[in-house]
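Asker: Can you build the whole structure from these sequences, using the hints too?
As they're listed, the protein sequences go chains A and B. Using the working numbering, read the first sequence as starting at 1 and increasing by one per residue. Using the working numbering, read the second sequence as starting at 276 and increasing by one per residue.
These are computed hints drawn from the structure, not numbers from a lab. The model shown is predicted, which means the values in this text are computed figures rather than measured ones. You may find that some hints are simply not true.
Distance condition first, Cα-Cα at most 35 angstroms in a straight line; then the derived DSBU-like pairs of lysine-lysine [unchecked claim]:
| # | chain 1 | residue 1 | chain 2 | residue 2 |
| --- | --- | --- | --- | --- |
| 1 | B | K363 | A | K92 |
| 2 | B | K610 | B | K639 |
| 3 | A | K92 | B | K519 |
| 4 | B | K454 | A | K133 |
| 5 | B | K609 | B | K623 |
| 6 | A | K142 | B | K467 |
| 7 | B | K703 | A | K206 |
| 8 | B | K363 | A | K125 |
| 9 | B | K718 | A | K142 |
| 10 | B | K454 | A | K92 |
| 11 | A | K142 | B | K363 |
| 12 | A | K142 | B | K619 |
| 13 | B | K703 | A | K92 |
| 14 | B | K467 | A | K133 |
| 15 | B | K519 | A | K133 |
| 16 | B | K454 | A | K125 |
| 17 | B | K623 | A | K206 |
| 18 | B | K517 | A | K204 |
| 19 | A | K39 | A | K92 |
| 20 | A | K206 | A | K253 |
| 21 | A | K125 | B | K467 |
| 22 | B | K718 | A | K204 |
| 23 | A | K133 | B | K639 |
| 24 | A | K39 | A | K204 |
| 25 | A | K125 | A | K206 |
| 26 | B | K709 | A | K204 |
| 27 | B | K519 | A | K134 |
| 28 | B | K517 | A | K125 |
| 29 | B | K363 | B | K467 |
| 30 | B | K610 | B | K454 |
| 31 | B | K519 | B | K467 |
| 32 | B | K619 | B | K609 |
| 33 | A | K142 | B | K609 |
| 34 | A | K134 | B | K639 |
| 35 | B | K517 | A | K39 |
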Amino acid sequence: MIHPPIPAKQSDSSLSKYPEHSATNPLSVHAMTVAYHQKPVLWDIDYDAPLGSLIAIVGPNGAGKTTFMKACLEIIPVASGTIEFWGAPYAKGRARIGYVPQRESVDWDFPISALEVVTMGRYGKLGWFRRVKKEDRDLAFKFLDDVGLADFASRQINQLSGGQQQRVFLARALAQEAELYFMDEPFAGVDAATERAIIEILQKLKNHGKTVICVHHDLTTVPEYFDNVMLLNTRVIAAGSVKEVFTQENLKKTYGGKLTLLDEVSEAIAKAKGS
Amino acid sequence: MSSFWHEFVSLDLPPILTALFSSLSCALIGNYLVLRRQSLMGDAISHAVLPGIVLAFLISGTRSSFAVFIGASIAGICSALLIEVIRKIGQVETGASMGVVFSIFFALGVLLMEQAAANNIDLDADCLLHGQLETIFWLPPQNVFEILRLSTLSQLPNEVFVSVAVFVFISIFIILFYKELKLFSFDEALAKTLGFNPSVLYYVFISLTAFSVVAAFKAVGSILVIAMIICPATTARLFTDKLKTQILLSMFFTIIATIAGYVCGAFMPIWLGFENSINTAGMISVISGLLLLMSVFLAPRYGILAQKISRHRLQLQVIREDILGLIYRVEETKKGITKDEIVKTLRKFSSDYFIKNAYSSLLKNGLISERNDTVILTEAGNIGAVPLLRKHRLWETYLVNRVGLNPDHVHNTAEALEHYTDQELTEKLQERVKNPETDPHGKKIP
Numbered sequence: 001m002i003h004p005p006i007p008a009k010q011s012d013s014s015l016s017k018y019p020e021h022s023a024t025n026p027l028s029v030h031a032m033t034v035a036y037h038q039k040p041v042l043w044d045i046d047y048d049a050p051l052g053s054l055i056a057i058v059g060p061n062g063a064g065k066t067t068f069m070k071a072c073l074e075i076i077p078v079a080s081g082t083i084e085f086w087g088a089p090y091a092k093g094r095a096r097i098g099y100v101p102q103r104e105s106v107d108w109d110f111p112i113s114a115l116e117v118v119t120m121g122r123y124g125k126l127g128w129f130r131r132v133k134k135e136d137r138d139l140a141f142k143f144l145d146d147v148g149l150a151d152f153a154s155r156q157i158n159q160l161s162g163g164q165q166q167r168v169f170l171a172r173a174l175a176q177e178a179e180l181y182f183m184d185e186p187f188a189g190v191d192a193a194t195e196r197a198i199i200e201i202l203q204k205l206k207n208h209g210k211t212v213i214c215v216h217h218d219l220t221t222v223p224e225y226f227d228n229v230m231l232l233n234t235r236v237i238a239a240g241s242v243k244e245v246f247t248q249e250n251l252k253k254t255y256g257g258k259l260t261l262l263d264e265v266s267e268a269i270a271k272a273k274g275s
Numbered sequence: 276m277s278s279f280w281h282e283f284v285s286l287d288l289p290p291i292l293t294a295l296f297s298s299l300s301c302a303l304i305g306n307y308l309v310l311r312r313q314s315l316m317g318d319a320i321s322h323a324v325l326p327g328i329v330l331a332f333l334i335s336g337t338r339s340s341f342a343v344f345i346g347a348s349i350a351g352i353c354s355a356l357l358i359e360v361i362r363k364i365g366q367v368e369t370g371a372s373m374g375v376v377f378s379i380f381f382a383l384g385v386l387l388m389e390q391a392a393a394n395n396i397d398l399d400a401d402c403l404l405h406g407q408l409e410t411i412f413w414l415p416p417q418n419v420f421e422i423l424r425l426s427t428l429s430q431l432p433n434e435v436f437v438s439v440a441v442f443v444f445i446s447i448f449i450i451l452f453y454k455e456l457k458l459f460s461f462d463e464a465l466a467k468t469l470g471f472n473p474s475v476l477y478y479v480f481i482s483l484t485a486f487s488v489v490a491a492f493k494a495v496g497s498i499l500v501i502a503m504i505i506c507p508a509t510t511a512r513l514f515t516d517k518l519k520t521q522i523l524l525s526m527f528f529t530i531i532a533t534i535a536g537y538v539c540g541a542f543m544p545i546w547l548g549f550e551n552s553i554n555t556a557g558m559i560s561v562i563s564g565l566l567l568l569m570s571v572f573l574a575p576r577y578g579i580l581a582q583k584i585s586r587h588r589l590q591l592q593v594i595r596e597d598i599l600g601l602i603y604r605v606e607e608t609k610k611g612i613t614k615d616e617i618v619k620t621l622r623k624f625s626s627d628y629f630i631k632n633a634y635s636s637l638l639k640n641g642l643i644s645e646r647n648d649t650v651i652l653t654e655a656g657n658i659g660a661v662p663l664l665r666k667h668r669l670w671e672t673y674l675v676n677r678v679g680l681n682p683d684h685v686h687n688t689a690e691a692l693e694h695y696t697d698q699e700l701t702e703k704l705q706e707r708v709k710n711p712e713t714d715p716h717g718k719k720i721p
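Answerer: Below you can see the structure in the form of structure tokens.
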């Protein structure tokens, strides 16, 4: 199921004038700034995700990793900047984008079964009004089986372990049959076996030409799991292939605790504007 | 028609219908409000509608429920919008913004009401707050066939029509948008990324909340609306893990609470010899609260009692297995054990009460028998003990060989794990430890 990237019409892309952003890239971000209470959380982000790769976003707590994903998906507004998918705005690419939020983002007490959650991944293809059909449920079951949870299909989601819940979310994203996936810490709180199962699925997606962007916490597994990495701490410290940019020096820059002049000025802006 | 039935149809049926349908509307909406952890939205709106009601009354000059309904709905929707606006602009939590909006709206309503009173217009605040079911009546003809005529039915009080209409409207909305409502209640961010604009649905939903609250006004009063929003949905949640079943059950509980509440309020005091009936709206809320309270204790899976029982059963089962295992080990060494010794040995795991209970249940089921003072395993008991011992010793082997614990540290852990190890896990276990003959202590694995 490899969908060749559909080249966007020139008129769709406001980034076409910048030679560094190519319309074949599943994601191009230009000069994105996101602020919360006047303080920039993300500052002047430029990023291009290469097609068909597994990309890790790493950075310390509060670096804006989740914010970056949410801003790309228009879940939260950006202060400025342009975000394009395959050279077109989000609304045009939406159907080809899947999202795995953090596990804590939903209420697991909700009276709903694992299968129903996965079926929700099909809702985008169904659109308003149209009811869930048997094909959708069968397909959802297949994806649940892919993540090894076929036996748990009818369980209420709170009766699943943390790792199983994470896999339900993954199956739901798979059910979207997207080409670009955003995953917010898909390995958080899972056991070693689940982690292996998840990474196998991600590899499979990549082999089918899909692009997967993950917020990732475990630095030791970055070289093993991912091809590309984006080092983020309010700004993009470095981005590119793991071999080239995942260096001691860049990591120190990303995780180093010292305030730079930019941090200081952003504090000053927040204070001045806030008061 | 006997005079009792005529009185019932004219004085009781209209309030029952109004109460029933307006409570059903609240319960339907309540399912989603409770799941979205926004149950107080109903309370907030029910207070915020007050200025709308008074204004509608002042402008139209009538107490016609249609004018009141429109005025209240407009105020309710405005307050809901304002709650969202304040939450977004002020970046405060929903609760805080609800509090600000509904207290201001309510205060405005009180001021307007005083103004109206100053102009000699009679508007009773009590009616608005506590409901005025008793004032809804109908004067049908005596003849049964006349009653069923369309022209007679159309003279039913307006409140009945409003509550039925709102109920039908909300039901249709939930049926049409069942999928979308589920998605938007469970995961709003996903709804957004899937291309469903959650704010459209949110505002429609909030408007419906306003309608249902306003329609329930006359029946249960603004203060008691919250009970009908929270209780039936919460009660139903205790009985099921499925959204559809929860919604249907909540309607069932609403029907019970309404009818039982009305009967208790209107008839019971008189049957008991008191002179006056009591506020039926209050009674309906009390009954729905009682239903919730009872369910908290008695619900099959999430009820306190059911959880106590299942814990009790589990503990008994564990002790029974421990006794079988203990006797098996003793018999392995060709020795015997008495009942007192069993109790003494197992005392560190459980109370005497459980051990004695488990013991007599094993005796009754023929798994053990007493010979003089010694307790021995029967043939059935032996068959029961073997898999336990097998699991126990496989776990000990696993803990020593694979986890690297010392052999003298593994007994208690294995003792705990053996009770929760099913057939599938046992097979995995023996594969991992390569099916050994003996355990780390050199004892044979049966």
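Asker: Each hint should be assessed against the structure and marked as holding or not.
Answerer: Okay, the hints, checked on the actual structure:
About 27 angstroms separates the Cα atoms of B/K363 and A/K92, which keeps this hinted pair within 35 angstroms; it holds. With a C-alpha separation of about 23 angstroms, the suggested pairing of B/K610 with B/K639 holds against the 35 angstroms cut-off. A C-alpha spacing of about 34 angstroms is found between A/K92 and B/K519, which places the hinted pair at or below 35 angstroms, so the restraint holds. Distance hint between B/K454 and A/K133 is fulfilled; the C-alpha atoms sit about 12 angstroms from each other, no more than 35 angstroms.
For the suggested pair B/K609 and B/K623, the alpha carbons sit about 24 angstroms apart, so the restraint of at most 35 angstroms is met. Pair hint A/K142 plus B/K467 holds up; C-alpha atoms about 25 angstroms apart against a cutoff of 35 angstroms. Note on B/K703 and A/K206: the hinted pairing holds, with a Cα-Cα distance of about 32 angstroms set against a maximum of 35 angstroms. About 30 angstroms separates the Cα atoms of B/K363 and A/K125, which keeps this hinted pair within 35 angstroms; it holds.
At most 35 angstroms may separate the alpha-carbon atoms for a hinted pair to count; B/K718 and A/K142 exceed this at roughly 46 angstroms. Taken as a hint, the B/K454 and A/K92 pair is honoured in the structure, with Cα atoms around 23 angstroms apart against an allowance of 35 angstroms. Restraint check for A/K142 and B/K363: the C-alpha separation of about 40 angstroms exceeds 35 angstroms, so the hint is violated. For a cut-off of 35 angstroms, the pair hint linking A/K142 to B/K619 is broken: about 54 angstroms separates their Cα positions.
With a CA separation close to 49 angstroms, the supplied pair B/K703 and A/K92 exceeds the 35 angstroms bound. About 22 angstroms separates the Cα atoms of B/K467 and A/K133, which keeps this hinted pair within 35 angstroms; it holds. Simply put, B/K519 and A/K133 have alpha-carbon atoms about 16 angstroms apart, close enough for the 35 angstroms limit, and the pair holds. Between the alpha carbons of B/K454 and A/K125 the distance comes to roughly 13 angstroms, so the proposed pair stays at or under 35 angstroms and holds.
At most 35 angstroms may separate the alpha-carbon atoms for a hinted pair to count; B/K623 and A/K206 exceed this at roughly 55 angstroms. Note on B/K517 and A/K204: the hinted pairing holds, with a Cα-Cα distance of about 33 angstroms set against a maximum of 35 angstroms. A threshold of 35 angstroms between alpha carbons decides the hint, and for A/K39 with A/K92 the separation of about 30 angstroms falls inside it, so the pair holds. With a C-alpha separation of about 29 angstroms, the suggested pairing of A/K206 with A/K253 holds against the 35 angstroms cut-off.
As the CA atoms of A/K125 and B/K467 are separated by approximately 13 angstroms, the hinted pair is consistent with the 35 angstroms bound. Our distance criterion of 35 angstroms between C-alpha atoms is broken by B/K718 and A/K204, whose separation comes to about 47 angstroms. Taking the CA atoms of A/K133 and B/K639, the gap is near 53 angstroms; set against the 35 angstroms cutoff, the hint is violated. Taking the CA atoms of A/K39 and A/K204, the gap is about 39 angstroms. The hint is violated against a cut of 35 angstroms.
Our distance criterion of 35 angstroms between C-alpha atoms is met by A/K125 and A/K206, whose separation comes to about 22 angstroms. Under the criterion of a C-alpha separation no larger than 35 angstroms, the hint pairing B/K709 with A/K204 is consistent with the structure, at around 33 angstroms. The hinted pair formed by B/K519 and A/K134 meets the criterion: a straight-line CA distance of about 17 angstroms does not exceed 35 angstroms. Under the criterion of a C-alpha separation no larger than 35 angstroms, the hint pairing B/K517 with A/K125 is consistent with the structure, at around 24 angstroms.
Taking the CA atoms of B/K363 and B/K467, the gap is about 17 angstroms. The hint holds against a cut of 35 angstroms. Under the criterion of a C-alpha separation no larger than 35 angstroms, the hint pairing B/K610 with B/K454 is inconsistent with the structure, at around 67 angstroms. Proximity of B/K519 to B/K467 is assessed by CA-CA distance (about 23 angstroms); at most 35 angstroms being required, the pair is judged to hold. Distance restraint check for B/K619 and B/K609: the Cα-Cα separation of roughly 20 angstroms lies within the 35 angstroms cut-off, and the hinted pair is therefore satisfied.
Distance restraint check for A/K142 and B/K609: the Cα-Cα separation of roughly 55 angstroms exceeds the 35 angstroms cut-off, and the hinted pair is therefore not satisfied. For the hint pairing A/K134 with B/K639, the CA-to-CA distance comes to about 51 angstroms; that exceeds 35 angstroms, so the pair is violated. Distance hint between B/K517 and A/K39 is unfulfilled; the C-alpha atoms sit about 43 angstroms from each other, more than 35 angstroms.
Going down the numbered hints, you'll see the structure goes against 9, 11, 12, 13, 17, 22, 23, 24, 30, 33, 34, 35, while the others check out.
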